[in-house]
Each structure stands twice: as structure tokens, then as C-alpha cells.
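As given, the protein sequences belong to chains A and B, one line each in that order. Taking the numbering used here, the leading residue of the first sequence gets 1, the next gets one more, and so forth. Taking the numbering used here, the leading residue of the second sequence gets 1, the next gets one more, and so forth.
Just so you know, these hints were derived from the structure itself, not from any lab. Just so you know, not all the hints are guaranteed correct.
Here are the simulated lysine-lysine pairs, DSS-like style, with alpha carbons at most 30 Å apart [to be verified]: (1) B:K209 / B:K121; (2) A:K469 / B:K267; (3) B:K127 / B:K267; (4) A:K469 / B:K152; (5) B:K307 / B:K209; (6) A:K437 / B:K177; (7) B:K279 / B:K97; (8) B:K307 / B:K273; (9) B:K96 / A:K469; (10) B:K88 / B:K267; (11) B:K6 / B:K127; (12) B:K127 / B:K152; (13) B:K229 / B:K273; (14) B:K97 / B:K267; (15) B:K97 / B:K209; (16) B:K307 / A:K469; (17) B:K177 / B:K209; (18) B:K177 / B:K152; (19) A:K76 / A:K148; (20) B:K156 / B:K229; (21) A:K414 / A:K469; (22) B:K152 / B:K120; (23) B:K273 / A:K469; (24) B:K177 / B:K96; (25) B:K273 / B:K88; (26) B:K229 / A:K469; (27) B:K6 / B:K121; (28) B:K6 / A:K469; (29) A:K469 / B:K156; (30) B:K88 / B:K6; (31) B:K209 / B:K229; (32) A:K414 / B:K156; (33) B:K279 / A:K469; (34) B:K127 / B:K229; (35) B:K273 / B:K209; (36) B:K127 / A:K469.
Computed from a prediction, not measured in an experiment: that's the story for all the values here.
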Amino acid sequence: MLFNTLEFALFFPVVFVLYWFVTRGSLRLQNVMLLAVSYYFYSCWDPRFLLLLIFSTFLDYFSGLQIHRVPTKALKRTWLIISVGINLGFLGVFKYYNFFAESFASLVSSVGFEAHPVFLSVVLPVGISFYTFHGLSYVFDIYYERIKPTTDPVDYALFVGFFPLLVAGPIERATHLLPQIQRPRQFVLANVVDGCKQVLWGLFKKVVIADNAAEFVNLIFDGHAGYGGSTLLYGAILFAFQIYGDFSGYSDIALGTARILGIELLQNFNFPYFSRDIAEFWRRWHISLSSWFRDYVYIPLGGSRGGTWLKVRNTFIIFLVSGFWHGANWTFIAWGALHALYFLPVLLSGRNRSNMSIVAEHRALPSLREALGMALTFTAVVVAWVFFRAADLSQAFSYLGGMLSPTLFSMPEKFSMRLAAFIAFFLLVEWAGRRGKYGLQGIGATWPRAARWALYYAIMFLIFRFTGKSETFIYFQF
Amino acid sequence: MATFLKRLTLFMVLPFTILIVTLYSADGRTDPFYLRFTTPRQASMVLGTSRAAQGIQPQVLDSILNAGGHAVRSFNYGFAIGYSNYGKAYYESIRKKLDPDARNGVFVLAVDPWSIAGDKKTIRSGKEEVDGTFIATLACVHMDPNVEYLLKEYDKPLLNIILPDPRKEDDRLTLHKDGWLETDLDLSAQAVAERTSRKVDEYRNTRLKNMLPSAWRLGYLGMTIDLLKEHGTVLLVRLPIHSSILRIEDEMMPGFDGVMQRLAQEKNVRYLKIPADDKAWTFTDGNHLAPADGARVTRLIGQELLKNGL
Chain A
1 MLFNTLEFAL FFPVVFVLYW FVTRGSLRLQ NVMLLAVSYY FYSCWDPRFL
51 LLLIFSTFLD YFSGLQIHRV PTKALKRTWL IISVGINLGF LGVFKYYNFF
101 AESFASLVSS VGFEAHPVFL SVVLPVGISF YTFHGLSYVF DIYYERIKPT
151 TDPVDYALFV GFFPLLVAGP IERATHLLPQ IQRPRQFVLA NVVDGCKQVL
201 WGLFKKVVIA DNAAEFVNLI FDGHAGYGGS TLLYGAILFA FQIYGDFSGY
251 SDIALGTARI LGIELLQNFN FPYFSRDIAE FWRRWHISLS SWFRDYVYIP
301 LGGSRGGTWL KVRNTFIIFL VSGFWHGANW TFIAWGALHA LYFLPVLLSG
351 RNRSNMSIVA EHRALPSLRE ALGMALTFTA VVVAWVFFRA ADLSQAFSYL
401 GGMLSPTLFS MPEKFSMRLA AFIAFFLLVE WAGRRGKYGL QGIGATWPRA
451 ARWALYYAIM FLIFRFTGKS ETFIYFQF
Chain B
1 MATFLKRLTL FMVLPFTILI VTLYSADGRT DPFYLRFTTP RQASMVLGTS
51 RAAQGIQPQV LDSILNAGGH AVRSFNYGFA IGYSNYGKAY YESIRKKLDP
101 DARNGVFVLA VDPWSIAGDK KTIRSGKEEV DGTFIATLAC VHMDPNVEYL
151 LKEYDKPLLN IILPDPRKED DRLTLHKDGW LETDLDLSAQ AVAERTSRKV
201 DEYRNTRLKN MLPSAWRLGY LGMTIDLLKE HGTVLLVRLP IHSSILRIED
251 EMMPGFDGVM QRLAQEKNVR YLKIPADDKA WTFTDGNHLA PADGARVTRL
301 IGQELLKNGL
């Protein structure tokens with residue numbers, strides 16, 4: 001059940017009524033109901049996946065209790081290793097086994113031997129990377145004594161399986177979400193209205209920006225050999241907007257939906273394409289994943305506290321792992337490595353925290369320096385997206401080779417004026433709303449209601465008039 | 001809470017009004033399939049892929065049969081390859097569309113090798129029953145307006161129904177209330193030759209490479225015949241196509257006519273093969289009959305039905 005479908009449009013009002021009208025009087029009942037509808041939501045993809053989710057939930061719940069209960073550090077570590085091992089084992093089997101088998105076979109054949117690896121014919125369970133990381137953060141936090149385990153299995157299961165975040169995040173932390181699950185939620189009009197606005201903006205990003213861009217992106221990437229440099233550049237730029245519209249659109253719908261239910265999820269995107277350097281980009285893109293890797297991989301490895309070699313090593317590790325998290329393909333690893341190369345000069349020169357504030361915070365327009373920084377960062381990000389989107393490394397290099405040819409300065413063979421207008425409108429709203437949590441949040445706050453509603457109607461019109469060919473959310477595959 | 005519900009209701013008045021107007025405005029120009037799901041259950045039907053959808057005209061068929069003394073009102077329930085190849089999904093959809101009380105109906109089943117073929121990989125993996133197309137997923141096929149189809153399966157922006165389509169897609173297709181899909185294409189020799197060449201390429205390079213005749217689908221064709229025989233007369237028809245496409249489908253399934261003759265014999269129905277003759281028929285693209293020749297073919301089918309008595 002995708003967020004932009006009729007099924008969800010019918011599902012959510014039912015949940016809303018059950019949540020605020022039927023079960024409101026009892027927190028326990030409300031949580032049980034939320035868990036039941038979350039499991040229903042998840043089983044709509046494939047009921048078999050639900051068994052894996054329930055097993056993973058039970059494993060981490062039980063491991064958390066054991067880590068807290070056992071008296072010695074060694075025993076705590078044993079339980080942590082069991083939990084992490086099984087979680088990563090599942091992820092390895094479902095997501096990475098075939099990749100390793102194939103890579104091993106290629107390696108062996110390159111030195112003259114023949115290998116016939118056994119490949120698994122398994123479907124990747126939707127959201128496995130996300131809920132596995134939920135569970136892992138929980139057991140890590142208990143192990144490092146940041147939190148105490150919950151003794152209520154329903155609360156824990158809801159923390160992992162809460163339907164808005166179940167299949168594509170944001171990757172929540174127990175320290176943030178569990179307390180909200182454990183206390184009664186209040187119906188706050190302003191929050192519910194804000195949630196509706198965020199859902200509306202998320203839908204616009206997904207169906208107008210991402211899905212319309214996808215049509216051109218698919219065409220250009222699939223037939224890249226036949227296009228000139230400017231068209232390939234156009235395709236790469238459109239992919240940047242496609243993936244941002246798709247993923248941040250999904251996140252907006254997830255956050256908005258949760259806010260309507262009185263639950264605040266972690267902000268996952270913070271206007272990343274307005275970043276002035278790559279370090280700022282990574283503080284603004286897929287924040288819940290970046291901060292997860294920072295807290296559970298980068299800092300335990302020593303972070304940026306050690307010498308130059310340690311900084312370089314840790315930076316590469318975190319970016320490569322982040323790339324690999326996205327999928328079992330060398331293209332994602334190359335994407336991660338490229339970002340590590342972008343990031344290192346900023347880190348080593350100590351300028352990785354030089355752009356911490358909002359760009360042009362008290363001005364309408366950026367300074368020339370800021371505009372230049374944003375343009376350079378965006379260009380670097382677009383080049384890296386080519387690796388992310390390409391089917392394999394050879395396609396990525398061939399695409400980039402074609403892009404950086406003399407035809408780069410010709411007129412693109414594919415171009416949509418309408419899509420350009422949508423993107424311009426989108427950027428305008430995002431720029432105007434960059435001080436808020438999402439683009440539309442602050443816009444029209446002081447306008448008369450009629451004007452505000454006219455804006456919302458206009459966005460609804462664009463959604464129902466210019467829906468792109470339906471594409472599944474990109475991050476579901478991760 | 002009350003304030004929120006009041007404001008939400010007020011806010012949604014305009015979108016809901018537009019939605020209702022939009023749903024009621026959907027018609028034969030909305031897309032090539034929609035109207036087929038808005039008519040009541042049917043007692044007589046034309047079935048098959050797009051060759052049947054564009055080629056067999058219920059109005060013409062009815063006039064022939066009515067003149068022959070048979071009160072028949074037929075409906076074209078053919079769609080396209082990939083949707084209405086004979087199989088479980090199409091069988092179930094036909095069952096939903098069929099009037100269970102019909103007794104003297106007429107059922108024309110257009111058959112060709114592609115209509116009993118499936119995706120090669122799917123056949124080899126033994127997962128032919130898995131079908132996610134609207135033919136398989138649409139629960140209601142006789143509701144007007146068909147809200148389920150428009151909100152779930154209609155693959156264009158909803159407002160395209162009431163506003164001009166900015167992409168100008170399908171603007172030469174009109175689906176009639178009797179299910180016939182009329183095309184309004186340039187029939188000059190050059191235009192037809194270009195479209196035929198593209199179609200031949202498509203069949204040679206895509207369909208022939210990726211599709212295989214399926215015993216499972218042939219079985220479902222038999223089951224479809226069994227189902228419809230309980231409600232009237234069944235005729236299997238192979239429509240004419242351009243010789244260059246005929247060669248490709250003969251390559252995919254040599255001996256198709258023999259298979260159909262045996263099936264017809266076994267099921268005690270008739271099989272009519274209308275010879276492919278490039279000079280005798282005009283096609284829009286080598287694969288589909290031009291409207292005037294569709295009417296001619298339909299007359300032949302009607303006469304065949306009358307000749308042998310209904």
C-alpha cells in the first residue's frame with residue numbers, strides 16, 4: 001500500500017477515526033490498534049514479510065531485556081552480538097548474498113578459475129534495511145546504557161512497526177519515539193493542520209516532481225548512448241530532483257501522517273540542495289540515516305578525533321557503508337566513495353562545520369559566495385547521482401563520458417518546459433520555506449484564510465492535473 | 001477536534017465537488033478501456049485482444065443477427081495483449097461481466113497465437129497465475145461511474161477526464177458504448193506503411209523474443225468456451241492480419257490453426273479463419289483492421305453465425 005494510492009486514501013481516514021474517536025480514551029487500546037493497522041499496512045505488500053518483521057521485533061525486544069538484565073559486561077556483549085549478528089545475518093541473506101556470490105565468482109574467474117555459485121531466489125522484504133536499523137539502534141542504546149529497555153512488547157513492536165515509518169523511514173531512535181508511544185497523545189489542532197499540509201507537500205513532491213522527472217530520467221538513462229552531453233546532463237539533473245522529490249516526498253507524507261496522529265518523527269531532509277558545501281549537504285540529506293551511521297559507526301570508530309589517517313579511514317568507512325546500505329551493487333559503493341572524496345578536503349581543512357546556519361537566514365537572496373557554494377555542491381551531488389542511478393559501473397562511466405563531451409554545449413534533445421516550470425515552483429516554495437521543517441510549512445501563515453486555501457487548492461490542482469506515470473517509491477527497494 | 005472537522009469539511013467541499021463532476025464526466029474518450037467497465041452485465045460478448053477490440057463492431061454484428069431474426073445485443077469486451085490474453089484473469093473478468101441469466105447469447109472469441117501466449121520468463125518460472133493488471137485486480141466491472149477503475153487503475157492524471165489532455169495521448173481513439181474501440185488514423189499508404197513497419201519491428205524484436213505459447217492459457221481458453229457455451233453460441237474467429245505479422249506468429253506457433261480446429265471440435269463449437277490477404281483488407285498498422293474493414297469482417301462473422309444457425 002503506497003502513500004499515493006486509493007488504498008491509503010481509504011486506509012488512513014479509517015485509522016484516524018479509530019485512533020481519535022474509538023480508542024482515544026485508552027493509551028493501551030490506541031497502541032494495540034496502531035500496531036494492528038501497522039501490521040495490516042505492511043502485510044499488504046506480502047503477508048510473508050510480516051513473519052520476518054515480527055521475528056526481528058521479538059529478537060530485539062528480548063535481546064534488549066537480556067542486555068539490561070545480565071550482570072556482566074561480557075554477557076551483555078554476548079547478547080548484543082547475538083542480536084546484531086542475527087539482524088545483519090537476515091539483511092545479508094536477503095539483500096547481499098547474491099551480490100557477494102556474484103562478486104566472488106567474478107573474482108575467481110578473473111584469476112583463471114571457474115566458479116558456479118549458488119544464487120538465492122528470494123524477494124527482498126520491503127523496508128528490511130529500515131526496521132533492522134531501528135532495532136539495532138535500540139539494542140545499541142541499551143548496551144551503551146543510554147536508555148532502559150521497555151518491558152511492554154506492544155510499545156516496542158509499535159516503535160519498530162509504526163506504519164508511517166515502517167517501509168522507508170525515517171530511521172527512528174528509541175530515545176525519541178518510544179517515550180511518545182508510552183505517553184497519551186493530545187489532539188492539537190495546529191499540529192494536525194500542519195500534518196495535513198506536510199502530507200500535501202509530500203504528495204506534490206512525489207507525484208508532480210519525482211514521477212514527472214522519472215519519465216525523462218528513465219528514457220535518458222536507458223538510452224544514454226544515443227544522447228548528447230547536454231541531454232545527459234539534463235537527465236542527471238532531473239534524477240537529482242526525482243530522487244529528492246521521491247524520498248523527501250515520502251518522508252513528508254510519513255512525518256505529516258504521524259503528526260496527524262500526535263507523533264513527531266525525526267526530520268529526514270532539511271533542504272539539502274541549498275547546501276553550501278558537501279558537509280552541510282550530509283547534515284541535510286537523509287538525516288536519520290546519516291546520524292545513525294555517525295552515532296553507531298563513525299563515533300565508535302573514533303570519529304574525527306584522531307590523526308589524519310584515522311579521519312580518512314573513518315570517513316571512507318562511513319561513506320562506503322552508507323553506499324552499501326542502499327543496495328548490493330558496486331554503483332552504490334562508488335557513489336559512497338565519491339562522496340567520501342568530496343568530503344575529505346572539507347574535513348581535513350577543518351571547514352566541515354563552517355556552514356551550520358540556514359543559508360541567507362535574514363535575507364531574501366543568497367550572497368554571491370553562497371550561491372556559488374550551492375551551485376558547486378549541487379554539481380558535485382549530481383555527478384555522484386549518476387553512479388547511484390546507473391545499472392552498473394560501466395553504464396555510469398559511459399554516461400559521464402557522454403556527458404562530458406563537446407555536445408554538452410548543444411541544445412538538449414529532450415526538454416520539458418512544463419517540468420521546468422514545476423521544478424521552478426518547487427524550488428521557489430522550498431527556498432521561501434527553508435526556515436521551516438518542510439517547504440510549505442511557513443508559507444501563508446500570515447495570509448488570510450482564503451488566500452492560504454487558494455494556495456492549497458492550487459497545489460491539489462497540480463497533483464491531480466499533472467500526476468506523472470506512477471512509479472513506486474525509490475527507497476522501498478532499500 | 002470539532003473545529004478541525006468543521007474546517008476540513010468546508011475545505012473539502014470544492015475538491016469533492018470537482019471529484020464527483022470528474023467521475024461522472026468520464027466517457028469513451030477517457031481511455032481505451034474505461035467504458036467497458038461501466039455497462040451492465042452482458043448476455044452476448046466479443047472477446048479477445050486489441051485486434052478484436054478494434055476489429056469487431058457489435059453494432060454491425062447485431063444488425064446482421066437481428067436481420068436474421070435473432071434479437072442480440074452484443075458487447076465488445078476485448079482489451080489488448082498483456083491484459084486480455086486468455087488466462088485466469090481474463091476468465092474471471094469475463095465471468096464477472098457475464099449475465100448469469102443469459103441463455104441465447106452470442107460469444108465471438110477472437111483467437112490468435114498471441115492470445116494464448118505469455119511472457120517467456122513467467123511461463124518458465126511457473127508463475128503464470130500471478131497477474132497484477134487491472135483485468136485481474138478490478139473487483140467491479142459493471143458500475144457507472146466505475147469509481148474503482150478511475151481512482152485505482154486509470155493511469156493518467158484524474159483531471160485529464162474533464163480538461164484537455166496536455167500530453168495529447170490517445171486522442172485518436174474513441175471507445176463506443178458497445179465496447180468497440182474506434183481509431184481515427186491517417187490511412188494514406190505511406191502512413192500505414194510506416195505504422196506497419198513499426199509494428200512488424202515490435203512483433204519481431206519484442207514479442208517474438210519474449211513470448212511463448214502457453215498450455216496453461218490454452219486450457220483457460222477451453223474453460224472460457226465451456227463457461228460461455230452454457231449461455232449461448234460460441235464462435236472462435238481468427239481475424240485477418242498483414243502477411244508480414246502472420247509470418248512472425250506462424251514462427252512463434254506453427255500449426256496454430258490445427259490446434260484451434262481440434263479445440264473447436266472437442267468443445268463442439270465452430271472455428272472461422274478469415275484468410276489474411278493484404279490486398280483484400282486494409283489495416284491501420286498491419287495488426288488492426290481499419291474501421292471500414294472491421295465492419296466487413298464483422299458482417300462475415302455475422303453471416304457465419306447465421307449460416308450455421310444460432
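Results of checking the hints against the structure:
no.: 1; hint: B:K209 / B:K121; verdict: 11 Å, holds
no.: 2; hint: A:K469 / B:K267; verdict: 43 Å, violated
no.: 3; hint: B:K127 / B:K267; verdict: 27 Å, holds
no.: 4; hint: A:K469 / B:K152; verdict: 13 Å, holds
no.: 5; hint: B:K307 / B:K209; verdict: 40 Å, violated
no.: 6; hint: A:K437 / B:K177; verdict: 50 Å, violated
no.: 7; hint: B:K279 / B:K97; verdict: 37 Å, violated
no.: 8; hint: B:K307 / B:K273; verdict: 15 Å, holds
no.: 9; hint: B:K96 / A:K469; verdict: 29 Å, holds
no.: 10; hint: B:K88 / B:K267; verdict: 19 Å, holds
no.: 11; hint: B:K6 / B:K127; verdict: 50 Å, violated
no.: 12; hint: B:K127 / B:K152; verdict: 24 Å, holds
no.: 13; hint: B:K229 / B:K273; verdict: 20 Å, holds
no.: 14; hint: B:K97 / B:K267; verdict: 22 Å, holds
no.: 15; hint: B:K97 / B:K209; verdict: 33 Å, violated
no.: 16; hint: B:K307 / A:K469; verdict: 48 Å, violated
no.: 17; hint: B:K177 / B:K209; verdict: 36 Å, violated
no.: 18; hint: B:K177 / B:K152; verdict: 22 Å, holds
no.: 19; hint: A:K76 / A:K148; verdict: 13 Å, holds
no.: 20; hint: B:K156 / B:K229; verdict: 37 Å, violated
no.: 21; hint: A:K414 / A:K469; verdict: 17 Å, holds
no.: 22; hint: B:K152 / B:K120; verdict: 28 Å, holds
no.: 23; hint: B:K273 / A:K469; verdict: 39 Å, violated
no.: 24; hint: B:K177 / B:K96; verdict: 18 Å, holds
no.: 25; hint: B:K273 / B:K88; verdict: 25 Å, holds
no.: 26; hint: B:K229 / A:K469; verdict: 40 Å, violated
no.: 27; hint: B:K6 / B:K121; verdict: 54 Å, violated
no.: 28; hint: B:K6 / A:K469; verdict: 34 Å, violated
no.: 29; hint: A:K469 / B:K156; verdict: 7 Å, holds
no.: 30; hint: B:K88 / B:K6; verdict: 47 Å, violated
no.: 31; hint: B:K209 / B:K229; verdict: 35 Å, violated
no.: 32; hint: A:K414 / B:K156; verdict: 21 Å, holds
no.: 33; hint: B:K279 / A:K469; verdict: 40 Å, violated
no.: 34; hint: B:K127 / B:K229; verdict: 28 Å, holds
no.: 35; hint: B:K273 / B:K209; verdict: 26 Å, holds
no.: 36; hint: B:K127 / A:K469; verdict: 26 Å, holds
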